[in-house]
Amino acid sequence: MKELVVISGKGGTGKTSIVAAFAALAASKVLADCDVDAADLHLVLDPNIRQREVFTGGSVARIKIEECERCDICRNLCRFDAIDDNFRIDEIACEGCGVCHDACQYGAIELATKTAGEWYISETRHGMMVHAKLGIAEENSGKLVSLVRTQARKIAAENRLELVIIDGSPGIGCPVIASMTGVDLALAVTEPTLSGIHDLERVAGLAKHFGNRLAVCVNKWDINPEMTGRIENWCRREGLAVAGKIAFDPIVTRAQIAGVSVIEYSSGSAALEIKKVWRRIAREMELENIA
Amino acid sequence: MKIAITASGKDMNANVDPRFGRAAGFVIYDTELKTSEYVANTQNVNAVQGAGIQSARLISGTGAKVLITGHCGPKAFTALNAAGIKIFTGANGSVREAVMKFATGNLAEAGGADVKGHWA
Amino acid sequence: MNEDLIVAVASGKGGTGKTTVAVNMAAALSRAQFSVRLVDCDVEEPNAHIFLKTVMTSRESAVVPVPVVDEEKCDGCGKCGDVCRFSAIIALGTKAITFPALCHGCGGCVMACPKKAITESSREIGAIEKGVSQGIEFIQGYLKIGEAMSPPLIRAVKKQAVGDGVTIIDAPPGTSCPVIQAIRGSDYVILVTEPTPFGLHDLDLAVETVRQIGIPFGVVVNRAGIGDARTHDYCAVQDIPIIGEIRDDRRIAEAYSRGELVIDALPQLGKEFLGIFGRAASGARKREDDPQ
Chain A
1 MKELVVISGK
11 GGTGKTSIVA
21 AFAALAASKV
31 LADCDVDAAD
41 LHLVLDPNIR
51 QREVFTGGSV
61 ARIKIEECER
71 CDICRNLCRF
81 DAIDDNFRID
91 EIACEGCGVC
101 HDACQYGAIE
111 LATKTAGEWY
121 ISETRHGMMV
131 HAKLGIAEEN
141 SGKLVSLVRT
151 QARKIAAENR
161 LELVIIDGSP
171 GIGCPVIASM
181 TGVDLALAVT
191 EPTLSGIHDL
201 ERVAGLAKHF
211 GNRLAVCVNK
221 WDINPEMTGR
231 IENWCRREGL
241 AVAGKIAFDP
251 IVTRAQIAGV
261 SVIEYSSGSA
271 ALEIKKVWRR
281 IAREMELENI
291 A
Chain B
292 MKIAITASGK
302 DMNANVDPRF
312 GRAAGFVIYD
322 TELKTSEYVA
332 NTQNVNAVQG
342 AGIQSARLIS
352 GTGAKVLITG
362 HCGPKAFTAL
372 NAAGIKIFTG
382 ANGSVREAVM
392 KFATGNLAEA
402 GGADVKGHWA
Chain C
412 MNEDLIVAVA
422 SGKGGTGKTT
432 VAVNMAAALS
442 RAQFSVRLVD
452 CDVEEPNAHI
462 FLKTVMTSRE
472 SAVVPVPVVD
482 EEKCDGCGKC
492 GDVCRFSAII
502 ALGTKAITFP
512 ALCHGCGGCV
522 MACPKKAITE
532 SSREIGAIEK
542 GVSQGIEFIQ
552 GYLKIGEAMS
562 PPLIRAVKKQ
572 AVGDGVTIID
582 APPGTSCPVI
592 QAIRGSDYVI
602 LVTEPTPFGL
612 HDLDLAVETV
622 RQIGIPFGVV
632 VNRAGIGDAR
642 THDYCAVQDI
652 PIIGEIRDDR
662 RIAEAYSRGE
672 LVIDALPQLG
682 KEFLGIFGRA
692 ASGARKREDD
702 PQ
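These protein sequence lines map, in sequence, to chains A, B and C. Just so we're aligned, residue 1 is where the first sequence starts under my numbering, counting upward by one. Just so we're aligned, residue 292 is where the second sequence starts under my numbering, counting upward by one. Just so we're aligned, residue 412 is where the third sequence starts under my numbering, counting upward by one.
Calculated directly from the structure, the hints in this document are not laboratory data. Here the structure is a predicted model, which means the values were calculated and not measured. Treat each hint with caution, since some may be false.
What the hints assert, rightly or not - Okay, the calculated bits of chain C under chain A, using three or more residues with CB under 8 Å as the criterion:
no., region
1, 456-464
2, 513-525
3, 550-563
4, 620-628
5, 635-642
6, 664-672
7, 682-690
Beta carbons: idealized from backbone N, C-alpha and C, even for Gly.
Produce the complete structure using the sequences and hints provided.
Below, the structure is given as structure tokens:
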């Protein structure tokens, strides 16, 4: 079993549309939507939820106000400004470190486990999919990402599927790290803009930091052909595989509105270019079932 | 001497769980008394972070001096090392087979982590 | 002209034009003689400086406290590991060892150690850079590559953003802790979206987030015309004001790709961004003594 993660650094470069297209193209795979913070893949894959589980995250302090003597020790010790003048816990600011709980002489503070979201195993017209919904304003998205990946790998192993395709999240922080450590290949979808290049450099730095193989695909390349050339040259210098480029095509948005992948929606140029990218990725990963 | 083996079930016939930090549990085998007991790893399977470190703490508490598992990440390796527990990776099959391999010198002692952190 | 106001620009989905709105609004305000400060809190991928061509004048590292064990004093009692909820310190019958990457900097272990063997040093998680360009005071955070926790850096960046005038915060995308850290304490949140199913779905999540924090907000629809009418319908049903619309225009995308301001490429749009700010300012909550 192999794992492919699609990431982007910068948001909105077309990562999820490309994952949806790969879902339609790959023969033997499980999908894992690890963009748990703002998951969109289900909008295209229309999953049928077969299993629904609660995700518990970290801890949060609770003050039993009737037992609180207002001695102020907790407020002085808390480094996250999570306890207000009225000894109410600001659950968003609270890190769950337990310093207040340990210090309270009156036993007025308890540490509770937070329900931080849900995760699902679903069936889609393109096979099984594991996805999740992180509660609003929650932390520990990295842990939820790990959980989604673990479940997807389990399904792949049980059903002898060749590939796990992971839709990563934007940025370079905790959820991205959790979605890319140990994968066989990371595909960065970028766009030919100065911001896109800046963010690609950061994400490539992250891949290097964690020892990941990285391939790059330039989406909407014709918005700025000169910038596209710069990205391709940069990739060559850095020894990164260029998995192809995809021209700007309004079809991509129209497919999204129709709730299907580009591949299912059209056989136009964007669909052809994405197919080419897919074939190159499949070759790069030495997949047997290319479809 | 006590040996801890990551296990997906409760006795010597269970399979070795390839994970350390998030292993289902540990079979603790005593090489002198030839007895085994099971320690569940419930708390750490779903730990937010530091599962490997807390699992190291758990088996250190059992008095085990050797750990047999599939893979071991860098933080767990550091913690096990500090606790003076020797690590043997690459085990598979049943717990009994893994102990046999260890006893006959067919498992190699790990000189460092063999997987990156966050791998599962 | 002076108006004390903090406006955060956020979006559920990335790449909808959050930075475009933030930088063009800041530049338009500056040119209209407002005193403006732009704070880039998208510390994982800070991009605002690209458009403002900011020359940085200072850089300081942002640090979090981490424990250091004095091995002479440590007797391996393990109390530090008992109190640490993050597994960042542990003693297994010997001297305590630390895992700085897991540390949240709560100080619990320092307090728990009976031998006073633990002190704190600092670990760098990124940098805070400052500069000025086009009359805009500029502050940004840069998360170090490989570093997982951005909220402490965002907190540190915001602490630097003090003073009179208009403060515009460019928030990271999403709905989880980094976003909350960035938008808290603002007087108004502008949610930038695009009229597509992905844009709408993530807008809905962002709306839920901002409502939970209780800050007034409005929506800017970017690339208007590319998708369908569902975003407008949603805002109408939810009673959310649409405080601006930026038509889809390839010239905007091209200017963006070169790292240029929209109001330079298409000067007629300058008043659009001033209008967005004006509507945000009139919808903003009134501040008396705000803690942040």
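Can the region 664-672 of chain C be counted as covered by chain A under the rule of three residues or more with Cβ-Cβ separation shorter than 8 Å?
Per the Cβ count (6), the hint holds.
Count the residues of the region 620-628 of chain C with a beta-carbon closer than 8 Å to any beta-carbon of chain A: does the count reach three?
holds (count 3)
How about the region 635-642 of chain C: do at least three of its residues have a C-beta closer than 8 Å to a C-beta of chain A?
That given contact holds, which follows from 3 residues of the region 635-642 of chain C lying within Cβ reach (below 8 Å) of chain A.
Verdict on chain A covering the region 456-464 of chain C, criterion of 3 CB contacts below 8 Å:
Coverage by chain A holds for the region 456-464 of chain C (3 residues, Cβ < 8 Å).
If you look at each residue in the region 682-690 of chain C, do at least three have a Cβ nearer than 8 Å to any Cβ of chain A?
Since three or more residues must qualify, the claim that chain A covers the region 682-690 of chain C is violated, with 0 doing so at under 8 Å.
In terms of beta carbon proximity below 8 Å, does the region 513-525 of chain C have 3 or more residues touching chain A?
holds (count 7)
Per-stretch coverage check for the region 550-563 of chain C, three Cβ contacts closer than 8 Å to chain A
It holds: at least three residues are needed, and the region 550-563 of chain C offers 8 whose Cβ sits within less than 8 Å of chain A.
Hint 7 alone, counting from the list given before, is not met by this structure.
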